[in-house]
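I would like the entire structure built from these sequences, with the hints used as guidance.
Number of protein chains: 2
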Amino acid sequence: MSNKSHVSTSKRIYYFGSKLTEGHRGMRDLLGGKGANLAEMTSIGLPVPAGFTITTTTCADYIKAGSKLPQDLITDIKANMRRLEKETKKIFGDTKSPLLVSVRSGAAASMPGMMDTVLNLGLTDKSVVGLAEQTGNKRFSLDAYRRLINMFGDVVMGVDHHQFESAFDKVKKHHKVTDDTDLDEDGLSELIEAYKSVYKKHTGENFPQDPYKQLEKAVEAVFKSWNIPRAVTYRRLNNIRGLMGTGVNVQSMVFGNMGEDSGTGVAFTRDPSTGKNEFYGEFLINAQGEDVVAGIRTPEPVSKMKKWKPQIYQQLLKVKKTLEAHYKEMQDIEFTIERGKLYMLQTRTGKRTGAAAVKIAVDMVKEKRISQKTALLRVPANDLNQLLLPSFDPKAKRNVLTRGLPASPGAASGYPVYTADEAVARTENGESVILVRKETSPEDIHGMHAAAGILTSTGGSTSHAAVVARGWGKCCVAGAGELVIDSKRETITIHGKKIGVKDIISIDGSTGDVILGDVAKRAPAFTKEFRTLMTWADRVRNMVIRTNSDTPKDSAIARKFGAEGIGLCRTEHMFFGDNRIMAMREMILSENTSDRRAALKKLLPFQRRDFEGIFSAMNGLPVTIRLLDPPLHEFLPTEEKSQRKLARAMKVKFDHIVHRVNQLHEVNPMLGHRGCRLTVTFPEILEMQVTAIVEATINCRRKRINALPEIMIPLVGIDTELAMLRELTEETIEKVIKKKKYKGKLDIPIGTMIEIPRAALTADDVAQHADFFSFGTNDLTQMTLGYSRDDIGSFMPDYLEKNILEYNPFQTMDATGVGQLVEIAVAKGRTAKPKLKCGICGEHGGDPESIVFFQSVQLDYISCSPFRVPIARLAAAQATLLNQQLALFN
Amino acid sequence: MSNKSHVSTSKRIYYFGSKLTEGHRGMRDLLGGKGANLAEMTSIGLPVPAGFTITTTTCADYIKAGSKLPQDLITDIKANMRRLEKETKKIFGDTKSPLLVSVRSGAAASMPGMMDTVLNLGLTDKSVVGLAEQTGNKRFSLDAYRRLINMFGDVVMGVDHHQFESAFDKVKKHHKVTDDTDLDEDGLSELIEAYKSVYKKHTGENFPQDPYKQLEKAVEAVFKSWNIPRAVTYRRLNNIRGLMGTGVNVQSMVFGNMGEDSGTGVAFTRDPSTGKNEFYGEFLINAQGEDVVAGIRTPEPVSKMKKWKPQIYQQLLKVKKTLEAHYKEMQDIEFTIERGKLYMLQTRTGKRTGAAAVKIAVDMVKEKRISQKTALLRVPANDLNQLLLPSFDPKAKRNVLTRGLPASPGAASGYPVYTADEAVARTENGESVILVRKETSPEDIHGMHAAAGILTSTGGSTSHAAVVARGWGKCCVAGAGELVIDSKRETITIHGKKIGVKDIISIDGSTGDVILGDVAKRAPAFTKEFRTLMTWADRVRNMVIRTNSDTPKDSAIARKFGAEGIGLCRTEHMFFGDNRIMAMREMILSENTSDRRAALKKLLPFQRRDFEGIFSAMNGLPVTIRLLDPPLHEFLPTEEKSQRKLARAMKVKFDHIVHRVNQLHEVNPMLGHRGCRLTVTFPEILEMQVTAIVEATINCRRKRINALPEIMIPLVGIDTELAMLRELTEETIEKVIKKKKYKGKLDIPIGTMIEIPRAALTADDVAQHADFFSFGTNDLTQMTLGYSRDDIGSFMPDYLEKNILEYNPFQTMDATGVGQLVEIAVAKGRTAKPKLKCGICGEHGGDPESIVFFQSVQLDYISCSPFRVPIARLAAAQATLLNQQLALFN
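If you read the sequences in order, they're chains E and Z.
Quick note: the first sequence, position 610, residue 728 per this note's numbering, numbers continuous.
Quick note: the second sequence, position 549, residue 667 per this note's numbering, numbers continuous.
Heads up, a few of these hints could be off.
What the hints assert, rightly or not - Footprint (simulated), chain E over chain Z, 3 or more residues, beta carbon under 8 Å: (1) 142-150; (2) 207-215; (3) 657-671; (4) 896-902; (5) 957-971.
To be verified - Heads up, simulated DSBU-like pairs for lysine-lysine below, C-alpha to C-alpha not over 30 Å straight-line: (6) Z:K244 x Z:K196; (7) Z:K196 x Z:K314; (8) Z:K196 x E:K182; (9) Z:K853 x E:K186; (10) Z:K853 x E:K771.
Calculated directly from the structure, the hints in this document are not laboratory data.
Even glycine gets a Cβ: it sits at the ideal position worked out from N, Cα and C.
Take a look at the structure:
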C-alpha cells in the first residue's frame, strides 16, 4: 500500500515565550505533560524561560520511519531557535553572548526511565569563551562546558559515566585536590580535554563543535529513549497505554549555580504526606537541579527561604496560589533562582499518599475549587488501603533481612512459629506470632487466622497464603525465596544468619520486607475527611457493596467499614476447627449414607452456631451463604501422624485411611468433584447445611435478630443441576419450618454462582431456577483462560515480561475474555428473569479497575474482603462517574 | 390459571379391523410403533386380528392428571369393544362365545423394560366355561384362565411371579406330576383356585370377575409402566427423548397353542446378521409367543415350515414380499397360526448387525426400493465399527472371568505382561501380549502401542488407556475393578483364581469381557457393499475427513480407510522412544538456554525422521502438526529406579532429579504450564520442532514426495500469544529455507487450536494471526464445563443416573454449552477472515451425533482416529442430509 510510509506532516513544534505561546495544557497528548505545562505557565504569566516543544507525533513518525528524523524537522527547529535567540537576545553557539539550552523529554504520562535531561547544550570550544565573557565568570563557564561533555557523552551517546569519573579522578590527582569544587580554571581546562578524549575513545568521533549537531543528536536520543526496555517495562507495569511517543522540550538555560544569590528547588503546593495546605519543599543555594537529585548536598526546607530571600519566598507563595487557582489541583513544581530572579521550570500534578489524597480532595471541595464528583475521581481507590491498615512508622529503622512479595498489606511483628497449632496456642497465650511456612494449605487455616502475620518462602501473590490473608486483611509476605526454613529445628536461615525462636521478626505487607526485630507501628485512622469522602461516594454509587466474610468478627469489621451485607460466606473454613475437623473427616470417609448422616449430625450444631453468630453481627443485612465448595480431600490429613490419629479416632486401620485418601486424590482438583457436584452425589450434606441455616435463622428471629440468609449453590454448570438442588433445598427449608413450628414469613432466596463458562453461556436456562447470580470471577478466570491459579508461577512472569498479558488476570479482570462471559450471562439471565439480582464475589470485587467493568454491565452488587470495602465503595462511585462520562462520548 | 388442568380431548382410540381402520403407519407418534403398524398391516390386507389402539397422548394425560384415567376413556373403550365384538362375532365375558383380548404397550420407539403383554384378558369364572364350549377343549380353556390370573397378577398387579410358581409346584406335587403339561383338568381347576388365593393374598382383593375391570386395570398398568425407573433409564441410555407416552394395543386373541395345527413364530425378512435377502426366523408348533421368548422349548428354523405347512410357508413368503414392498425396509415380524390360519401380530423395522445394515441398504438401492440418500441414512454410522475391527467368533466358547468397561472395541488375546518394556520386547519376539496395568500413563505409550490389547483395573472409558487405545483402534478393556493385579509377582487374581505368566487371556473391547484362554477371531472384511456405500457417502458429504495420527503406520491405515489428510499429528509421543526420552529429559531438566539447546539438538534428527516418514505415508495430502502440548513433567520418570538411571545418565545427583521433578509438579496440570505456554517460556523448543518440520519437508520434496505440512500451535488463549509464536515460526521457516538453500515454493499454513474458552470468545482477534482453526473439543469441554476428564469418575455416573446430563459430554459434544463456543468462534473467526479454514480434532470427531453439529456450524473438516475414518465419512454424509432436511423445516 502506498499509505504505508505515510507520516503526519502537521505542525511539529510549539513555541512558548513572552510574546508568543502556541501550546496550552489541553495539549498534553501532543506536547507531553511537561511541554503543555510550560506553555500553560507561560501564558498565565509565570516566569518561565522561553523555549519550544517538539510534538509526540514527531517521535511516533521518527519510530515509524525506522529511526529517521522527519525531513523538515531540522528546518523547523532552526526557525524556532532563531525565534528564541531573538527573545533572549543571545545567539546559539555565539562567541560573545551564546544561547544555551536544556533538552528534556516529556510524554503525556509521567515516565521515569526515559532519557531525562541534557543541560548547557550549545557550548563549544568557541562559545565557552563567550559564556565566560557574558557571565564574567570563567570558572563557571568551563565547569558548564565539562558538565555538558559529560552529560552529552553519557546521556546522548551512551558512554559509561564511570569513564568520565575516572578521568576526573586523574585530573584531581594531578592537581592534588580532593573536592570537585577545588579544581581551578587550569584544572578545568585540562579536565575538558580529558573528557573530550574519553568521548572520542568511546564514540569514535569528536565532541561536536557544531551546536546544531549537538541539538539534533540530543533530540534523536530523546526519541530513541521512548522504546528502550526500561521505558517499555515501566509503561507496562503502570498500565500506560495508547501513547504516541515522547515530546522534546528545548528551553533556554537559566543557572542556579551562578553564585550565592542563585539557587534551585522543588516544592509541593500542599504537604504530599498529610495533605495539609502548606507550601512544602526544599532548595539548595548555588546549585543546579541535578545537584538536588544527586544528593551530594543536603537541601534546606523552603520555609528557610523566608530568611535568605524573603521577596522570592513571597513570590513563590504567590506562584503556589496562582497555580492552584489555575489548575485546581495540588502541584509539584521545580524552580531556579538565577542571580536573584525566579524562574519556573516545571509544574505537574503532585504525587501524594492516600491520606493526603483524601484530605486535599475534600479540602478543595470546601475551598470551592472542585466539585464533589471531581474530588471522588481524584483519590485512587487503591490508595485508601494505606488508611485502613496499620503500617510501620516510616521513620523507624529497619534491619531488612530480605524481601519477598508484598502479598497482603499491613505490618506485623512477632515470634516466628512453624505450625498452625502453635500459632493458635501462643496467640491464645497473648503472644504475637508470625506463622512461617514454606507454603500454607487449608489445614493451616486456624493458625493463619490466629497469627499476626504470615510469611512463606514459596508461592506468589495468588498463592493460598496470599489469597486467604488478603481476604482477612491480614499482613502477608509470600515467596521470600531466600529464606531457608527448617521447621523441625525451628530456625530460619538467611544468607547464613540464623533466626531462632527467641528472635522477633517483622514483615511489611506493602513492601515485602522481612525485618529483624520489632518496628514501631502506626494505627490506621479514619479522618473526618475520609468519612466525608465516603459519604459522597455512597451518594454517587449505584452498586451495593457487600463483603466476603466467614466469621462474626470479620463481619463486624466489614460492617464498620460500610459493608451492606455479606455477598460470600464460605462454609468450609468452619469445618477446620478442632472439634469439627474429626467429624468432617468421618463424614468424608463414610462409605454409606447412614454413616455419613451420623457424622453430619455432629457437625450440624457447629454450623448452626456459626450462622447464628454471623446473622447477629449482620442483623438486618442480607447474608449469602455458599454451600460446601472445595473437594473433600482438602479436609483430609496428608501427613502420616495426622492420618494415624484419625485412624485411631475412627477405629479403622491406618492402611484404610491411606487408601481412602489416595482414592480421593484428583489429578486436577480444580475441575474435579467439588461445588454442587458434592451435593449431587451426597445430598445429605446439603440437607445438613440448609437445616443449620434455617434453624439458625429461626432461632435468631425468635430473639428479634433480623437474620436474612440467602442460599448460594456453587459451581453450577447445567440448569438441571440447579433445578434438582433447588428442589432439595426448598424441601429441606419446608421440613425445618415444620419441625420448628415457625409461623413467621421465611422467604430465603436461592441463587447460584456463575463461575463455569457453560453456566454463563446458558444463563437463560440457569436463571429459571435462580433468584440471584453471583459471579465467581476467580474460577471463571481459571476456566475461561485455562489457568490454574496455583500453577501460573511457571509462566505468568514471562507472559507479563513479554507483553502477552498486560496484567495478571487474577488481579484485574480480563474484560475482553472473561468479561464477555459476564456480560453474556447478565444479558441472558435478565432476558429470562428481568429483575434477576446479579453480583460478584470473586477477588476482583476489590479491584477498582475491575469494578469499572462490573458497573458497566450493570451488576447490582459487589462483594469483597472486609478491608477492601471502603475501596470498593469509592471505586463503585468512580465507576458510576467514569461510565457516565463514557456514555456521553458514545 | 384455569388452563392448568387442561387435557387433550381429541380422539383417543383408533380402531383396526376388516371394515374400518382408522390409523396408519404415519401415526407412530400418536399410536406407538406397534399400533401404527398393526393398522398399516390391516389396511394393506394382511391377516391381522382386529383390535384398537389407545393413543400415547392419553397416556400423557393420565400422567399429567396425577395417574387418573381421562373421564370418557372407559366409554370410548366400551364403544370400541362393541365394534370388536361385532367383527369377531364374540362377546366380551360371554358364557358361550367369549371375546378374549391381549393388551400390549407400544411407544413410538422400541422400548423393552416397559409393561409388555397380558394375554387371554376377558376370562372369568363364567367365560372360561364359554371358551371351553367354543373351542371344545376344556383343558385348553382352563389353562388359558390360569395363565391370565398369573400374568395379570404378575404384570398388572405386581405380585411376585415366584408366588404363583410355588403354588403351581404344590398343586403338581398334590397331583404327583412333574411337567406342567401333565396336569389334568382337575389339577388345573385346583391350580386356578390356588392362583386366585395367591392373587387375593398379595393384592388384598379378589381376581376381578368383571372383564371390563380387568381391561381398565391392564390399560392403567401399561400407562404406569411408562415412568418406572427401568423404562426411564432405558430411554436415557438410548437417547430417546421427546416422547409423550406409550400407546395401548387391545387386540382380539388368536391362539397358537390350539393343537398341532397351531403355532407361533418370529422372523426377519432378511438375515439380520449378514443382510442376505433370505427369509430368516424360527417357529414353535402348538405354542404361544411367550413360550418362544421363555426358551422352554427349542424353536425350529422357519425353513422347516415348508414341510410342516407348505401353504402357510408360501403365505409367509408372500407377506415378506408385501411388507418389504410396502415398508421398503427389512422387517421383524411376529405371527401366529391358529388351527391352520395365519395371523400377523406385529411388524417393525428389524435390528441388524453393521454388516447386514450395509448390505441391506445397498441391496435395496439396487432393487430400486430406496434412494442412495435413504440408504446412507439407514446405516447407523457407529455400527461400521463392527466391520473395521477383528472380533471374536460369536460361536466360540468364552470362559469369562469378569467384565470391565468396553473402552476401545476389537478383540485381542495374548500373555499378560506388566510393564511397557516387556510388552515391547516380547512383541518383538513375535509373541502376542496383553499389557495389564492398574492404570496407564504416558510413560507406558511404547508398550501400549506394541501390545495386542490393553487391560486396566481402574479408570473409565475416558481414562488414558482408553483414549490412547481408541486413537489407535487398539482393543482395550478398562476399569475391570475385580482384577487384583500384582505386577511384582506377575499375577492377576480374580475371585481367588490366579492367572500367571503362562496363561493366555483374551479381552473383548466391545463387551468388556475378560476371558481366560484364546478365543477364535474373525478378521474385518471390506465388502463390496461397504465400498459402494462409502462412495455414495463421499459424494454427499461436504466436510473433508482427516485423521489423528502420529506414526507412518497409523497414517497408512487411515489413508486406506479414506482419510484425506492428517488433522492432528501429535509430536509428544515421538519423544518416548528409547533413544529419545533421555534427551527429552535432559532438555526438561536443563537450567539454562544453552543446555536446553544442546539437548534439543539431539532430538532434532529423530523428529525430522518421524516427519519424513509421515509425509511419505501421506504424500500429497496435508499433515497438520501440533507443536509440543503436554506439561513437561509428563516426560519425567516418577519411579525411583528410573530417576536414578536418569541421574547417572545426566551425571547429576539423584536428589537433584527428585527436586526438579517435585519442582515441576503441578496442582492442576490440565490448566498449567503446557501447550503454547511452553514455547512462550522456552522458544527454543518451537525452533527445534519447526526446524525439523521444514527440513523434513525440503528433504521429502527433493525426493519428489509432496510433503504438505501445516503447523498448529496448541492451547492459545490470547491473540498476542499466537502473534508472537507465529512470528517466531515464520522466522524459523525462513532460516531453514536459507540454510538448506531451497528454491521451491514452501507455503506452510500456520494455525491454532481453539480449545480454551477465551480463544473462542475472542476468535476475531485470534483469527488475525491464524490460517486455520482446529477445535480441540476435549479440552474445550474440560474447561467449558469445568470437568477434569481424569476425575469425572467420582460424579459422572450420578449425573447420568439422575438425569442431570443426558450423555457423557466427552463422548458426544455438549452442543448447548460447548457448541455455543464453537459456533461463536467460527462466526467471529470468519468475520475477521471470511475464508478461515475451520476443523475439529478432538475425540468428538469420531462421534456421529457430534458430527451433525459440526456440519451445522459449517466446519470445513473433521479429524478422527484412523479406525473411525469410515464412520466419520458416513456420519458426515448423514449430517449433510439431516441438516438439509432440517433446513427445509425452518
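**OP:** Enumerate the violated hints, using their earlier numbering and listing them in ascending order.
**Re:** 1, 2, 3, 5, 8, 10
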